[in-house]
Amino acid sequence: MTAAAFRHALDLITRVRGVRGAMLVSGDDGLVVAEQLMEGIKGTAVAALAASLAGRLRRAMEAAGVGISVFWHLQAEQGALLVVPGGGASGLLIVAVAEPDVNIGLVRLELLRAAEAVG
Amino acid sequence: MTARAVEGWTLRPLTDFVREASVRLVLLMTPAGQVLAQSGFSRAVDVMSAAALGAAIMASTAELARQLRQAPFAALNHQGQRHGIFLSSLATDRGAVVVLAVYDLDVSSLGLVQLFFEQMATDLQAASPKAVSKQVLAADFERELSESLNTLFGR
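So the sequences go chain by chain: A and B.
Mapping of the first sequence onto the working numbering: residues 1 to 119, in sequence order.
Mapping of the second sequence onto the working numbering: residues 1 to 155, in sequence order.
The set of hints was computed from the structure by calculation and includes no laboratory data.
Keeping only pairs whose Cα atoms sit at most 20 Å apart, straight-line, the calculated SDA-like set for lysine to any residue is: (1) B/Lys-130 x B/Trp-9; (2) A/Lys-42 x A/Thr-14; (3) A/Lys-42 x B/Gln-119; (4) A/Lys-42 x B/Glu-118; (5) A/Lys-42 x B/Thr-122; (6) A/Lys-42 x B/Ala-121; (7) B/Lys-130 x B/Ala-32; (8) A/Lys-42 x B/Asp-123; (9) A/Lys-42 x B/Glu-20; (10) B/Lys-130 x B/Ala-91; (11) A/Lys-42 x A/Ala-76; (12) A/Lys-42 x A/Gly-18; (13) A/Lys-42 x B/Phe-117; (14) A/Lys-42 x A/Gln-75; (15) A/Lys-42 x A/His-73.
A few chain A residues that don't get close to chain B, going by computed Cβ distances all over 12 Å: (16) Ala-3; (17) Ala-34; (18) Ser-69.
Label pairs and their in silico Cβ distance ranges: (19) B/Phe-73 x A/Gly-43: 18 to 24 Å; (20) B/Ala-91 x A/Glu-39: 24 to 30 Å; (21) B/Arg-43 x A/Leu-57: 35 to 41 Å.
C-beta atoms are modelled at their ideal positions from N, C-alpha and C, and glycine is treated no differently.
Chain A with its partners taken away, still in its complex shape (with noise of 0.2 Å):
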C-alpha cells in the first residue's frame, strides 16, 4: 500500500459533502497513519480514543457473540464520528468526522469502499 493509495482512500471519503475529515488509523496504537482532516479536529486525539473505542467494542461485541463490528456511528449534538474497521491484516481503522446533516449511508459506502481499498 503506498501513501497515493492512502491519500485515494481518504479522497473517496471526503468527497461526500458533509465530511469534515477522514483518517487512515492504526487499530493497534492509536496513531495515526494518513489524515484529510478541517482545522479544529484535534487528529492524533481523535485517532487514539478511537482506536481505544475500537478495541473495547470488538471485546463487548465478542462477549454478546456478534461477531466483529463492520460500521459504528456516533451521533453527536454538533457532528458525527462514523468508523469502519479495516479488513484483512492490516488492522487500521478508516474514521470519518462529518456535519450532523451528512448522509450517513454515503459516508458509510464510501468508508466500506476505502476499507476495501486499504485491505
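Start from chain A and add chain B according to the hints.
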C-alpha cells in the same frame, strides 16, 4: 492502584494520567534519576532500578542526538508482545521531569499514552512551583534517597 509523590504538586497530574491513559506503572523523576512520584510500583528496589535505567536511557539518547547534531529525541517507545514502555521528558518550572510509563497493550496504546502525556505535561507545568536553587551535597544524597523511598512506599 496506589500513587505516591515526594513532590506533592505532581500527584494530581500523575493520577489523572494513570486513570486516563490506563497505564500500569509510571515514574516521574529528575534527569538525574531522583524520583518525584510513582504509581503502580510495589517495591522500592524496582523504583530505584527503573529510575536509574530510565535516566540512563534519556542521557544516552540525548548524547546520541547531540552527536547527530539534532535536538534531543522527544520520546522513546519500546513495544513488546504484551507491554509497551514509553519514556519522555517534559519541562516544568522546577526543571525537566522524565516520565517512564509502562502500559498493557490490551488496555492502552501508544496513541493514548502520547495523548494523555501531553495533557500531563500541561498540568505539571501549571502545577509546578517556581524552581528553588539548592545545592545537593553528597552527604545528603543517601538521606534524601531514603526519605524519598519512605514517602513513596509509606514507611
